[in-house]
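Undergrad: Listed in order, the protein sequences are those of chains A and B.
Residues in the first sequence are numbered consecutively from 1, following UniProt numbering.
Residues in the second sequence are numbered consecutively from 1, following UniProt numbering.
No lab work stands behind these hints: they were computed from the structure.
Check each hint, because a few of them may be wrong.
[Stated by the list, open to error] Residues from chain A shown here face chain B by an in silico Cβ test under 7 Å; the list is partial: (1) GLY72; (2) GLY128; (3) ALA130; (4) ARG136; (5) VAL140; (6) SER186.
All C-beta atoms in this analysis are idealised placements derived from N, C-alpha and C, irrespective of residue type, glycine included.
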Amino acid sequence: MTEYINLKTPLNDSDVERLEAGDKVRISGILYTARDAAHKRLVEMIESGNDLPFDLKGQLIYYVGPTPARPGQEIGSAGPTTSYRMDTYTPTFIKMGLKGTIGKGGRSEEVIEAMKEYKAVYLAAVGGAAALIAKRIKKVRIIAFEDLGPEAIRELEVENFPTIVVNDTKGNDLYKTGSGKYKVPS
Amino acid sequence: MRQINTEEITDTVEKICIDANYNLGDDLVVSLQNALNNEESPLGKEVIVQILQNAEIGKNEQVPVCQDTGFAVVFIEIGQEVIIEGQSLQEAINEGVRRGYKNGYLRKSIVKNPLDRVNTGDNTPAAIHTDIVPGDKLKITFIAKGGGCENMSRTAMLTPAQGRDGVIDFVVNTVKNAGANPCPPIIVGVGLGGTFEYATLLSKKAILRPVGSHNNDSNTANLEADLLEGINKLGIGPQGFGGKVTALAVHVETYPCHIASLPVAVNIECHSHRPKTIMI
């Protein structure tokens with residue numbers, strides 16, 4: 001079993017360039033949450049020339065809409081949502097310095113190309129392991145779009161948040177190599 | 001005739017919304033444990049271990065196993081000897097969903113209008129399917145249906161000439177195109193026959209069967225086995241990282257159809273499979 005690579009955000013080009021598809025990565029530091037509705041608003045802000053609620057440079061976006069926290073809890077269950085729905089927005093953010101995204105499921109060619117060109121990675125968290133993943137989230141603060149409820153942008157402070165590299169900066173794709181290895185010709 | 005008050009229906013719906021989202025069924029857990037034994041990919045095995053650990057946390061800490069606590073889909077079978085008193089049945093069910101999602105700290109994932117996309121704030125309305133059946137009981141089945149896997153579901157109107165092979169191609173390709181998106185290992189519900197809308201309803205009913213159970217009709221059970229084999233040859237594996245176990249089970253339900261038609265619907269269900277049934 002390969003060991004985890006530990007990374008602390010914010011990340012620079014060399015942090016992400018040494019990652020390869022299939023590597024297990026544990027992240028500590030800050031993650032920003034955003035999913036469908038928040039992406040739409042962020043891109044509208046960029047198009048109208050407004051400042052974003054957080055600086056994308058060196059950061060990671062985690063595609064998640066958590067369940068509500070109970071009293072005394074920092075966050076509810078918080079696993080990844082399917083990433084392709086954000087594909088139309090992602091290249092814009094990567095060009096602005098975003099170093100990676102965390103979700104589940106495949107990305108478009110445009111996103112993969114942007115990751116190669118501007119040095120960013122796509123990481124998968126285990127979909128449906130939401131109660132387990134929530135244990136790695138230590139602090140939560142809503143920083144924008146509170147009216148969106150579960151889709152509000154949250155700043156998460158995480159410790160050893162477990163992910164796997166799906167797309168690296170060289171264009172490799174774990175979903176393709178992984179299924180290729182176990183496919184049985186019919 | 002037997003009288004049932006809608007207050008009892010509301011209480012029941014509230015309870016099963018929460019129960020389904022916290023406590024995965026034994027049939028699913030056993031199926032995941034079997035998958036762990038059958039999986040050859042080390043990463044795939046690791047994923048299944050985490051899914052089983054996550055199920056334990058849900059049960060022990062009474063928290064949602066997945067953050068997508070779903071669209072509330074409610075199947076209600078009403079015995080024809082039952083009289084429902086109180087408010088409207090629909091409102092009674094929605095009130096149960098409203099209370100369950102609030103009191104169970106479940107995520108509210110429903111937007112009022114598909115294009116305006118403003119959240120209703122209480123996870124209502126539910127998708128309600130009503131059947132009138134013989135007897136004096138009321139059977140309520142709730143399933144929390146996640147959006148990620150629902151999005152990967154497909155329906156096709158095949159030609160009779162396409163036959164069994166055409167059905168297999170369509171189902172296997174639907175799973176292939178879904179890839180890692182719907183959180184494999186998945187459960188595949190297939191509705192075969194009926195009309196356009198009836199096939200999709202059957203495909204959802206199919207996923208409600210105990211995980212890995214076989215259709216009573218031996219030809220249909222053989223089709224289920226062939227579909228499962230075809231799907232697990234794809235190599236997608238747990239979470240799409242590669243592996244032998246892409247689907248835990250394939251359930252097929254059939255219905256007579258028109259001489260011109262061969263409708264087939266594929267409802268994809270993630271490993272976080274959360275149905276619960278209560279009989280009143």
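Undergrad: For which of the previously enumerated hints does the structure constitute a violation, in increasing order of number?
TA: Numbers 1, 4 and 5, in rising order.
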